[in-house]
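**Q** Here's the letter readout for the chains.
There are 2 protein chains.
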Amino acid sequence: MALKSFIEVSPDSHFPIQNLPFGIFKPEPASPPRPGVAIGDYVLDLSTISVSGIFDGPFLSGSDCFLQPNLNKFLALGRPAWKEARAKLQNLLSADEATLRDNPSLREKSLVPMSKVEMLLPIAIGDYTDFFSSMHHARNCGIMFRGPENAINPNWFQLPIAYHGRSSSIVVSGTEIIRPRGQGHPSGNSPPYFGPSRKLDFELEMAAVVGPGNELGKPVDVNEAGDHIFGLVLMNDWSARDIQAWEYVPLGPFLGKSFGTTISPWIVTLDALEPFACNSPKQDPQPLPYLAEKTSKNYDISLEVQIKPAGQEDSCVVTRSNFNHLYWTVTQQLAHHTINGCNLRPGDLLGTGTISGPEPESYGCLLELTWNGQKSLSLKGATRKFLEDGDEVIISGCSKGDGYNVGFGTCTGKILPSL
Amino acid sequence: MALKSFIEVSPDSHFPIQNLPFGIFKPEPASPPRPGVAIGDYVLDLSTISVSGIFDGPFLSGSDCFLQPNLNKFLALGRPAWKEARAKLQNLLSADEATLRDNPSLREKSLVPMSKVEMLLPIAIGDYTDFFSSMHHARNCGIMFRGPENAINPNWFQLPIAYHGRSSSIVVSGTEIIRPRGQGHPSGNSPPYFGPSRKLDFELEMAAVVGPGNELGKPVDVNEAGDHIFGLVLMNDWSARDIQAWEYVPLGPFLGKSFGTTISPWIVTLDALEPFACNSPKQDPQPLPYLAEKTSKNYDISLEVQIKPAGQEDSCVVTRSNFNHLYWTVTQQLAHHTINGCNLRPGDLLGTGTISGPEPESYGCLLELTWNGQKSLSLKGATRKFLEDGDEVIISGCSKGDGYNVGFGTCTGKILPSL
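Protein sequences, first through last, are from chains A and B.
Okay, so the first sequence: first residue is 1 according to full-length UniProt numbering, each after it adds one.
Okay, so the second sequence: first residue is 1 according to full-length UniProt numbering, each after it adds one.
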């Protein structure tokens with residue numbers, strides 16, 4: 001029989017006892033931020049639980065990692081500590097365990113209704129890297145910008161292509177995004193366009209949250225890379241396609257991306273996702289030995305993007321994709337990132353790149369869905385080629401188990417007009 | 001008559017009382033890191049000076065910004081505080097002022113011989129951005145890789161091109177650099193090369209250290225951008241040209257750069273550099289209004305790179321350049337960086353890109369100096385196309401005043417073999 005909590009959790013909740021994602025929250029506007037895990041419609045305050053002495057195992061006993069304003073210190077402890085925390089929490093919340101269930105005062109102090117809390121960025125992000133690991137996305141962009149003959153560059157099949165992103169402008173779900181201003185291609189001999197972006201887009205991504213990390217000069221072996229990934233978040237890598245197209249040769253994306261990147265507040269652990277592990281696509285050509293994994297794993301996570309157009313009550317699904325469309329696994333991404341000696345630190349973020357599937361209904365951004373604005377999307381009453389001011393984008397992600405979900409909640413953002 | 005210190009400073013020192021660059025040091029291996037300024041052959045310990053109550057002005061009185069392990073808190077205070085600190089310190093160290101000069105106990109506690117201290121990274125770097133602002137460098141790279149007709153892309157003259165770099169692998173001068181491993185272009189139908197980089201290079205750069213910064217969504221006006229730059233450091237943006245060439249299309253440099261970036265320990269303030277301000281090159285076409293400065297300033301800073309080849313006692317000068325060769329000013333870079341709303345934080349680093357001058361003797365990297373390995377550099381007994389294991393690269397920079405220098409010291413690093 002499936003594990004059950006003494007807290008009532010609706011069958012369609014993303015946050016049953018099988019999940020227990022970690023985040024940072026404030027129970028009241030004036031309270032200091034602290035770690036929590038989601039359980040049904042509640043957040044369990046880990047600072048309270050920690051002070052009550054429940055984490056008495058070898059890795060967490062005496063640690064102040066749950067008395068911090070972010071999860072970095074916990075992430076630095078590594079997988080044995082993560083597993084210990086998960087086991088303690090699953091036990092503490094289970095229907096059979098009296099410690100919390102039968103202690104009204106501790107319940108009162110430690111369980112906060114999710115509707116009352118403010119969620120914050122779960123981690124202090126030192127460096128953020130964005131990969132480009134969906135073949136369908138790479139091919140579609142290539143066809144649009146270079147034609148079908150050379151759609152995907154030969155290097156793409158040999159290494160997980162990536163660029164460094166901007167850490168400072170990563171925000172938590174719900175933060176409004178101001179439409180960026182910038183330069184676009186000149187037409188003829190006139191100076192470049194300057195003004196609010198005319199091609200504002202979302203990108204459906206997920207991102208891996210890095211655990212202990214490695215020393216400068218010491219690469220992580222691809223078969224140990226899993227121990228350096230705490231979990232995954234949903235990510236919207238907002239993109240201004242006109243700014244990006246004009247600036248990106250030869251050094252890559254810069255201001256077309258750095259105005260904002262949104263992540264979900266809850267980090268779902270790889271341990272919670274393990275039941276949803278699946279094979280990754282066959283790689284041809286075979287990767288070089290440093291990228292060859294004994295077991296090459298993806299996860300079956302259904303992803304969906306809805307747009308709620310400005311002024312409308314209802315949102316429309318614009319795409320459905322899945323994490324398992326990634327060609328390069330997150331462990332290959334991490335091993336590649338360190339092969340030159342580059343050091344990763346706890347809290348670093350590795351974005352997957354836009355996750356597009358093979359079918360037009362599964363493309364992960366408007367650039368692909370409207371083929372760079374050549375056709376319109378129909379959203380009930382409204383039509384869109386790119387995002388308009390007031391539009392809200394809602395990403396959700398969920399793995400469906402037998403009678404329960406392991407979900408990510410949502411990752412949302414609304415576009416405000418340029419200043 | 002020029003301002004003089006009671007501390008004897010040799011006329012060729014980089015650190016007279018006119019300079020007073022800021023850094024972070026440890027007086028003893030076991031001491032906690034603390035801020036200091038360089039004066040002649042000494043480091044003045046700002047934690048000691050601060051505790052003694054000398055910073056009694058409106059901006060610094062009561063502040064613990066000099067009791068921190070990095071300069072970020074001081075940088076966050078902004079130019080009025082920076083000017084107040086500089087004025088206090090210039091007064092405290094001047095020949096006419098008795099406070100420190102005639103207090104042997106305070107002198108003993110606060111002045112540490114530079115030869116005895118360990119210098120650390122002066123700042124906690126949230127984000128590091130690298131620009132591409134020398135036209136000579138852009139043209140040379142363009143000729144090598146795209147031919148002379150399209151050497152410089154049209155966007156280059158309209159905006160300061162840049163990419164996000166890797167923060168975690170920025171190290172202080174003197175840190176050894178392990179030769180990175182990685183993939184290089186396949187030849188014919190064989191798989192890509194994998195192994196230690198065969199084209200390891202230095203890049204002669206400088207970098208601006210960002211002061212207070214801006215809120216997400218609120219760009220900095222180009223005419224106020226100077227107030228967001230605390231000062232400059234020397235920088236060596238080590239580059240593996242073979243890794244870079246294979247990976248960089250279409251998303252820009254990644255592992256070809258992220259294995260290490262070295263900066264000098266001393267940040268020379270823009271206030272100390274003000275006497276060396278000079279006009280920047282005329283820009284044609286005229287920049288768009290958001291990049292048009294009332295006063296467009298460069299600085300006359302002589303730059304030099306020496307290589308000390310493995311096994312040799314002597315180093316050889318391989319290039320001489322000048323900061324004033326930059327086409328885009330650091331204030332234009334900063335304003336451009338924020339025009340889309342991107343937020344900068346105290347301690348962020350804005351690299352200039354390789355600073356090449358117009359003459360072959362002033363090119364800022366081996367890629368240009370040896371024309372991608374087509375010719376060799378002669379270094380007394382040795383010859384080099386790219387860096388070999390055991391080679392040390394020494395960058396220095398200095399502005400020459402009337403009877404004094406405002407210098408940066410050196411930025412050095414030695415290549416260790418791949419693991």
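In short, the hints are calculated from the structure, not lab data.
Heads up, a few of these hints could be off.
One copy or any two copies: either way a pair holds, since identical chains are not told apart in the list.
As the list claims (entries may be wrong) - Okay, derived cross-link-like pairs now, SDA-like style, lysine to any residue, Cα gap no bigger than 25 Å in a straight line:
id, residue 1, residue 2
1, Lys-4, Gln-286
2, Lys-294, Gly-195
3, Lys-294, Arg-241
4, Lys-73, Ala-124
5, Lys-414, Arg-198
6, Lys-218, Ser-105
7, Lys-109, Gln-18
8, Lys-400, Ala-277
9, Lys-26, Asn-324
10, Lys-73, Ser-50
11, Lys-282, Ser-378
12, Lys-73, Ser-168
13, Lys-380, Asp-314
14, Lys-73, Leu-121
15, Lys-218, Arg-241
16, Lys-297, Gln-312
17, Lys-380, Glu-28
18, Lys-83, Leu-379
19, Lys-83, Ala-151
20, Lys-109, Asp-41
21, Lys-109, Gly-78
22, Lys-73, Pro-32
23, Lys-400, Leu-216
24, Lys-380, Cys-65
25, Lys-385, Asn-279
**Q** Going through the earlier hints one by one, which of them does the structure break, listed in rising order?
**A** 1, 3, 6, 9, 11, 16, 17, 18, 19, 21, 23, 24 and 25
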